[in-house]
Amino acid sequence: MKRLILMAFMLISGFAFAQTDGYKVGDVVKDFSLKNVDNKMISLADYKDAKGYIIVFTCNTCPVAKAYQARISALNATYAAKGYPVVAINPNDAGVVPDESFQKMQALASEKKFNFPYLLDPDHVVTKQFGATRTPHVFVLNKTDNGNVVEYIGAIDNDPEETNSTKVEYVKNAVNELSIGKKPAIASTKAVGCSIKWKKG
Amino acid sequence: MRIFFIICLSLITCYATAQVKLLKLDELDKRIANGKDTTYVINFWATWCSPCVAELPNFEKLRLANLKKPVKVLLVSLDFKSKLQKEVIPFVLNNKINAEVFLLNEPDQQQYIERIDKKWSGAIPATLFVNEKTRHFYEKEFTEKELNNTLLNLK
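From first to last, the protein sequence lines are chains L and B.
Just so we're aligned, residue 1 is where the first sequence starts under the UniProt record's numbering, counting upward by one.
Just so we're aligned, residue 1 is where the second sequence starts under the UniProt record's numbering, counting upward by one.
If we strip away everything but chain B, and leave its shape as in the complex, we get (with noise of 0.2 Å):
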């Protein structure tokens, strides 16, 4: 019963860390290398930007809309690395975010914003939809609609 215990306990600690996943932008290349056929739409964002907080839901729907397709709905925090346990994670909970959830571990921003995007400023939200055809990056927010028609129109 002990044990059946700790292996639930440790189930659920685990599924709870393993909700934000540090990401270097290395690996999140590979995988898009790797995605094939997969178009990726990654938002970036932070817990304490409230225009990012307000579109987080629009990603959620276009996620649900698309699980049959190949489409993966990425969310990279551009949250400080201090606020994961603190501030990112409890929100990741408290909002109940389905989708795959990062939080950037990348130290320089002059190096990590001009390699997602020479064009993107800084400002946030932003969001990239990649897959290994095409690259489109927005500096922007983003309706319910607008996500759908810039996925559907994407060349």
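Pulled out of the complex, with its shape left as it was, chain L reads as follows (with noise of 0.2 Å):
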């Protein structure tokens, strides 16, 4: 009975430590809901015809996110007809930083005229079951019969100025390589960005 508390123990702590560490490379995605900023609750499972997603933590404020906003369009312009759409969430609590409210969520995406659609995580669930840190954080996956793997966590490239001679387009490589039926060369980068803003208490 002691064996079996302390195994039932053992696997309780192995799945907090789970889900704060966040998905790694090869896990499979558990499925969210959540509301998109036109009031419709969004699943990955809405996708039937998706062979995979590109998964981007992105926000209002952050001015790394701001500079990457254009690129994340242009990543869905092109392979959302592919089948590997965007599906953008903001990670951050707008009772921490008020310009981050679903309000503001709305606005920028009609400003913007966001293609895809744009999340709030309220409580930071699906931003902690990933593991996301910063905005702008993406995630790759690949749709599979044993359900939607991660192949690639990290930047969207390597040239957050725009400035950069050897750029490096980590996104569009790793979505490529999967669509030939690869694996990404590069299956997971670091680069600065904003923190998560934590809902306080």
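Since the hints were made in silico from the structure, they are not lab data.
Computed from a predicted model, the values in this text were never measured in an experiment.
Yeah, the Cβ is synthetic: ideal placement off N, Cα and C, and Gly gets one too.
It is possible that part of the hints are untrue.
Calculated cross-link-like contacts (lysine-lysine; reagent style DSBU-like; alpha-carbon spacing at most 35 Å) [as the list claims (entries may be wrong)]: (1) L:K66 / B:K119; (2) L:K167 / B:K86; (3) B:K83 / L:K128; (4) L:K200 / B:K118; (5) L:K35 / B:K119; (6) B:K96 / B:K68; (7) B:K155 / L:K199; (8) B:K36 / B:K145; (9) B:K140 / L:K199; (10) L:K112 / L:K40; (11) L:K112 / L:K172; (12) B:K145 / L:K200; (13) L:K51 / L:K199; (14) L:K182 / L:K143; (15) B:K30 / B:K86.
Simulated restraints, written as ranges between beta carbons of each label pair [said to hold, decoys possible]: (16) B:A33 / L:A107: 49 to 55 Å; (17) B:L22 / L:D145: 50 to 56 Å; (18) L:T166 / B:R135: 27 to 33 Å.
Hints given; two lone chains; assemble the complex.
Next up, the structure:
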């Protein structure tokens, strides 16, 4: 009995650890249902024809995220038709930064004519599942018989300021590779970004 | 008189531009290695990062409280290099920052983020406590009290 309790405890703590640590490349993503700026709920399962997804944690206020807004729209314009739509999620708490509110998300999406969903993640539930730590932070998923598998985690490219002569477009490369049945050559990258504004208390 | 004026002026401009130096990680490593018993509290920040800007006064208080101890506070900006003159230097002057301020002069984020700490995702604010014996990295915001305690409990 004691052993059973111990085992149960280990399982729970293992689970909790995985929760706070977030997904790694190769992990299967749990589907979610989050409210879009048009007030409709969006799940990954809604995309019947998708071959995968470009999940982007981004927000209204971060200068790095802003610098990437047009590039995120361009990713969706190129890859949604090929079966890899962009799904953007705002991980920030509007209680901490008022400009991250749902209303401001709606305003931004309409002003910038977002051609992809921009979802609210109240209480950071999905953000914590993924283990996103900053904006922008991208997870490229590949749809398989076993579920949606994480194949790339990191930055959109290595050129935030659009001045790098040796630009590498990590997300584009990863999706192109997946679309021809290959694994991304670069499966994870790091980049400077804005920390997530976690709910206080 | 004229010469005096020119000297004054050049001193002032020297002072103003000397506020923020470009920094390579090799230079930082060398400084830490030559620091003997000095503990460096190295804060990675940017003018555009609001929680970073909010916690900067805590680093100034830590600096002032440890003036007589072998403790150095270094503020390393991750602003774009192109913003040095237009944003970083005016920010440092306007906020009367007295700690040493640098702008990281490394082109490759993949490389420098890993080099500073393997666990770092790249989010800021982030702070490194380092001396010749120990190295602790935190991807978080610090209150004044947390900064003091982290420094005091450094092993």
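**Message:** Check the structure against each numbered hint from earlier and tell me which ones fail, lowest number first.
**Reply:** none
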